[in-house]
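Colleague: The primary structure of each chain is shown beneath.
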Amino acid sequence: MFDPATRAVEAALAAGATYADARVVIRRHERLSAQNGELQSVRNSLDAGLGVRALVGSSWGFAASSDLGDEAAAGRTGAEATATAKASALVPGRGIQLADVTVAEDSYETPHLEDPFSVPLDEKVGVIVGATQTMAGVEGIRVASAQLMFWDTDKWFVSSQGHRIHQHLVESGCGMDATALGEHETQRRSYPQSFGHVETGGYEMVRRFDLPGNAQHVAEEAVQLLSAEPCPSGELDLILESSQLALQIHESVGHAIELDRILGWEAAFAGTSFLELDQLGSLRYGSELMNITADATIPRGLSTFGYDDEGTPAQAVDIVRGGTWVGVLSGRDSAHLAGLPPGGMVRGDGFNRMPMVRMTNVGLEPGDSSLEEIVSETKHGVVMATNRSWSIDDRRLNFQFGCEIGWEVRDGKRVRMVRNPTYTGITPRFWASLDMLAGEGEWHPWGVPNCGKGQPTQVGHTGHPASPGRFRNVRIGVTT
Amino acid sequence: MDTDTTALERLADDVVTLVAERGAAAAPHAEVEANVGVVRNRHGLTRFANSFVHQHVGEDTVTVSITLAVDGRTTTTSTTSTDRPSLSEAIDAAIASAGQQPVDPHWPGATPPTDVPASAHFDPDTAAGEPTGRAERVRAFVDAGPELDAAGYVDTEATWAAFASTAEHRAADASTRATLDGIHQTARSAGSAHQTSIRSSDLDGATAGALAAELARDSAEFEDVEPGAFDVVLGPEAVAAMLTFLGVYGFNAKTHLEGGSFAELGEAQFDPSVTILDDPEDPRAVGLGFDAEGSPRRRVALVEGGVTRAVVHDRRTAKRADTVSTGGAIPGGETFGAVPLNVRMLGGQASPQDLVASVERGLLITSFHYVRVLEPKTQLATGLTRNGTFRIEDGKVAGAVGNLRFTESFLDALGSGRVLGVGNDDRLADGGLVTGMVTCPSLRLRSFTFTGGAGG
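If you read the protein sequences in the order shown, they are chains Z and C. Once you know that position 378 of the first sequence is 378 in UniProt numbering, the rest is easy, because the numbers rise by one and skip nothing. Once you know that position 339 of the second sequence is 339 in UniProt numbering, the rest is easy, because the numbers rise by one and skip nothing.
Keep in mind the hints are simulated off the structure, nothing from the lab. All values reported here derive from a predicted model rather than from experimental measurement. Heads up, the beta-carbon is just placed ideally off N, CA and C, and yes, glycines get one too.
Derived coverage of chain C by chain Z (criterion: at least 3 residues anywhere in the stretch with Cβ under 8 Å from a Cβ of chain Z; other residues may be distant): (1) 74 to 83; (2) 257 to 266; (3) 328 to 342; (4) 398 to 408.
Far from chain C, by Cβ distances over 10 Å, these chain Z residues were calculated: (5) Ser107; (6) Gly130; (7) Ser160; (8) Glu204; (9) Glu229; (10) Asp278; (11) Leu283; (12) Glu288; (13) Gly323; (14) Ala338; (15) Gly339; (16) Leu340; (17) Val375; (18) His380; (19) Val415; (20) Glu440.
Kindly produce the complete structure, drawing on both the sequences and the hints.
Modeller: What follows is the structure in structure tokens.
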């Protein structure tokens, strides 16, 4: 499949582009879902096509076609990309240049043990039907759902600078949830996290998370929540388990450090960032315990790959070190504009979407404590687990999260379950209050498979390793 | 540029024939049914930021979707590879997949023949939309605020679709959509404008740019206000965000059957001034005349005079509820349920200026940002204001305020006695989920709860 990509790049250059690259992407996706002991759906999709970027002056042109069978189509698509970029001259800006990267001819494959598409369908069906049967059997559960989801992606990348890279990426995910119905509200518990957890790797992850073996307690907690006391309100210590802390990182760090946002390129929809480039290296983002890395090389991370969609090698970049902001997420064009080395963080949602800066595995390095030690050293606080809602302003400062479940902590002990826990804060103030972090044994590479960005929206897969942590004096229990 | 669906109809028919052939070969004694959808989507997008065009995109994709049932065991497959060998491979895999599954108790059968009137939502000029035309509108938007920083997009989208089933149902239609959505920014503020139509010729970059620039300039100097409950005048974008969540989670028959929806049919759950339809017959409406199951999209009164009347169905939920589909099926709807894709709140008599004039003390809000539902049954939600938030005193706009976070039940906010005015400015507004999904006016609401500000 290098040939259509090569033809497209040549056509784009012939039409006047100063640089062009092309990706042929063939992505297979399978999603199975069950509800209340019945198989609900089995969906397969195959998206195959060619996407071409062409650079002319200050603008990218991008064209895509699902027609891979017609040899002439690749050339037409390449020429269209250049023509589209040229039309931008009506509203010109400063010229775009690309930061230098090593030109590679290479291949990469996701490490995995078991091809998820080769596992017999009836085995996969059995896992989710069995899990939902167990959950639905708990008195008070109205809806019990479970899902498995798998992606198998081949990408062939060619650039006018000489890149020729093939990647085979494998991603697997699973999740389940139980909803208990009360008179005036619903309560839901999910496992292993809300909306399912996805990571790079094979079917072995489904076996590791053992949905059927966890179904009973997940459902029982949903029912218990209906009669739990409301979350207390006030400024208390907040202890976040690792999947919620992962989403906290995603929203209040990951998006804020995207260089395209900082430069204003996503201002209209996704917003900008409170970060300004002249603060890089000096801005206090959080406490000394805050060490954030964007690392596209870690095992099982949902943003682990060999090369990004510009052909830049996967790498680890320091983002926050000892609480100080030191790095950004970038691509070749944004990095050049900012005078920074390119981070290899540009990806597109399929062949027909223009690549943009996307989070790699933006994670919080572990501390040296444990969740139980954190609880035992907390006088009055709330442990919150599993995201239920998330919202943050357009500069990534004011956030409010809701979690599925909480436990009030008094004098070092969990004294009761609480329902509808929420918390709110302002990003740097919140991170400055981080004072305890669990260690490597409780550090997990959580995946977020539904990150929206761009306008109209593209969906991205991002990774967020984290261990549980404590934040002091946070406003919790937000009420109307 | 093709302006008809003939080739897609032929392809849909070919796939139905192929299903019969492959089914007879692989499962000769089984009943093999199929719904086949073929969609061609041509999308052109011009994005701008820092007042220049920085991304320019063209896409042309054909997708074939097949829902296949073998003796009532169902599976769905879709592919962008539309040559005969690829389609045969996809069908064979689907037949094999179905054979390993239990019977689907909610499978309603292949869609039977049903009249599907053409939607009249197609404009050939928009379908042929070229990058230059979009860039010209961007230039007009940018030029309306020369000292400001502009960002946003103009896009045109054309969809041609054909549907065929083994039960001999056939349907075909085409639709177009054009959108201009942008902001102008000062160093401290932003103002926005949104236009959507089935015709790109309706997009007016200069008018939209002037509105966005005015809002940005007017909110450049602002004061933070203490959170609390305020009477509010919400612009159409803010109202559209509320209606989007009510529609997706509440007027969804699957959610309703499972007890997770707020909807209590026959109950006065809204203010008497509230009437909400799913109205594909509105001449402004965007979208095809049939849904993912090939059923005609029907006009449904969801709320009439404050009384909740109906939810939207696909064929699966219609079977469970012993009723008929309203044409609300979406791809993947067997897990998610049906969604009203042409939500329309009827406008009233008051101009937006009248709504402001009627407020003694309150806030004028242009749009909401990052809205999420905390509890689906009560529609308790949180989000922030954006792109122009203003204080109203004694019926007049009295200055800008910093963005605020709300935590409020959308159901309560539109409840009896809370809707104090309905604007006459109903239009297609951006609710933040599906562009072209909601048509609505400005509203004046009583006592909307704000729980924080962006300053802390």
